[in-house]
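**Student:** Chains as they are written, first to last, in numbering that gives the first Met the number 0: chain A, 0 to 350; chain B, 0 to 169.
The set of hints was computed from the structure by calculation and includes no laboratory data.
Source: prediction; values computed, not measured.
Be aware that a few hints might be false.
Reference excerpt, derived from the structure (chain A facing chain B, CB under 10 Å, subset only) [claimed, not checked]: (1) N27; (2) G193; (3) G196.
EDC-like mimics (lysine to aspartate or glutamate), calculated; alpha carbons at most 20 Å apart, straight line [said to hold, decoys possible]: (4) A:K51 x A:E40; (5) B:K137 x B:E147; (6) B:K107 x A:E40; (7) B:K130 x A:E152; (8) B:K130 x B:E147; (9) A:K51 x A:E96; (10) B:K137 x A:E153; (11) A:K51 x A:E103; (12) B:K107 x A:E228; (13) B:K137 x A:E96; (14) B:K130 x A:E153.
Yeah, the Cβ is synthetic: ideal placement off N, Cα and C, and Gly gets one too.
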Amino acid sequence: MSKWAKWTESTGPLSPNVISTRVRLARNLTGLPFPGTMRPEQATEVIGRIRKVVEGGLRPAGLSEMRLARMVELPTVDRLALVESHLISPDLANRREGAVVLGEDRSISVMLNEEDHVRIQCLLAGLQLEEALRLASQVDDWLDAEQNFAFHEEYGYLTACPTNLGTGMRASVMLHLPALVMTNQIGKVLTTIGQLGLMARGLYGEGTQAAGHMFQISNQVTLGHSEEELIRNLRAVVEQIVGQERLLMRNLLAQDRLRMEDRVYRSLGLMMHARVLDSNEAMSLLSDIRLGVSADIIRLPHQVLTELMVLTKPHVLQTECGQALDALGRDVKRAELLRERLTEALNSTGT
Amino acid sequence: MLCEQCKSRQATVHVKQVINGDSTEKNLCEQCARQTGEMDFLSLVGDVNINSLLASFMNLEQAAAPSRHKGDACHTCGADYRRFADSGRLGCADCYQALSKQLAPLLKRIHGSLVHSGKAPRGRSAEIQRKRQLGQLKQELKDAVGHEQYERAVELRDRIRRLETEAGGQ
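So here's chain A without its partners, still in its complex pose:
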């Protein structure tokens, strides 16, 4: 039902611990300066050249229909809703000369005139690095065949920032790791990740206090290894982390199942009955319920948790209910939506 993004509607390998996978390819058109130094008419040219390909016809088989929208044409609330559903970056939302190409099922989004002329992104549910790379690469081949991306024999794909040079690829995985956080092991894991050519950061929060126990892990190096090697490395580390998380979760349950159940059911109770919920509280309650699903304490189709994570964001929420709301209005609407959707999900499994 959500028109927001495919990644929120389904589950994938290693869910619910792995929430989503993203592969992003940074590309630039030949013959034009990078976005940071180009003139407005050159930015318009970038959009024109990509529009010609996207709307021009011969779309490769397997890719859904795509539409291009310029940032200036979109109302602020829509732009911010796209940011909240991870389809565009906050940076792009603020660029007058920016544009986005969205696939119909929203697993593909192409940002234009962000830091690079073209940033192709593929977002999927669960751990699907190979598939996300395949799809992003397909869009890459399609655009390149008609518009030629800047490429250097030694340096590979040329990007505005040298941290993206080579493959131009940033592959990242969003993880839910409550047991590692509760047992204070997460710091150690995150430090180790840095030594493996990967980057880790907490999502929806500051520093290590990641709200909702959510973390994002991505490759740091882009030059000197092939896309497949980089992805294999990331996949191996993610699988290890999830293995650790599941082991710790089993230990926690063995030690104190009652307390874990209490935590999950309290959060469920709050969510089913609260009348006013702010965004942060909703995130942390949803995290506890996700924990309950991982630990097999409660059963429900858990893609609804991912969908709600996005649906309850302030601007997505307003777009979803079709009206501007003040903070209290949003908190009330959020509580209502969570209540309805969770009741529906719980009923569907007969819990």
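Following the hints, complete the assembly by docking chain B onto the known chain A.
**Tutor:** For chain B alone, coordinates are given in the frame of chain A:
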């Protein structure tokens, strides 16, 4: 120890200043240290951002680079290394070639490598594939000779020749 200024929070910043031989010590909490402006470096700690970190790396790189590089500028967009060091972004695709000398140590530090080995645009991938294969075979030939494996060396030499003729023929 409590902060000397607000006397309520823990002092976590200890400053020792020596001016003309007179030394003074201050023990402040982070908030007060920020407010007094004593600790300009704290603004860096509070908001570590990859661009500023990168830019500071590059400034170091620039300071270490021989001065003759300072004049190099990209013939296409006019950007020079200083502009890159300030913004952390290159001006255009040609900058990589124009500033390659100054960029090389930085790229090596970021990626540990200077040579792309991943995907190439479809139209050019056959040619690039051949070049990569050629490079690899030449390395193997060198190793074979080094290990006195002459039969293998002859075999490798023939493969290299074949590849080179193919390339020349196109």
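**Student:** All hints are to be evaluated individually against the structure, with a verdict given for each.
**Tutor:** These are the hints, each one checked on the structure:
no., hint, result
1, N27, "holds (6 Å)"
2, G193, "violated (13 Å)"
3, G196, "holds (8 Å)"
4, A:K51 x A:E40, "holds (16 Å)"
5, B:K137 x B:E147, "holds (15 Å)"
6, B:K107 x A:E40, "violated (35 Å)"
7, B:K130 x A:E152, "holds (9 Å)"
8, B:K130 x B:E147, "violated (26 Å)"
9, A:K51 x A:E96, "holds (17 Å)"
10, B:K137 x A:E153, "holds (17 Å)"
11, A:K51 x A:E103, "holds (18 Å)"
12, B:K107 x A:E228, "holds (18 Å)"
13, B:K137 x A:E96, "violated (48 Å)"
14, B:K130 x A:E153, "holds (11 Å)"
Of the numbered hints stated above, those contradicted by the structure are hints 2, 6, 8 and 13, listed in ascending order.
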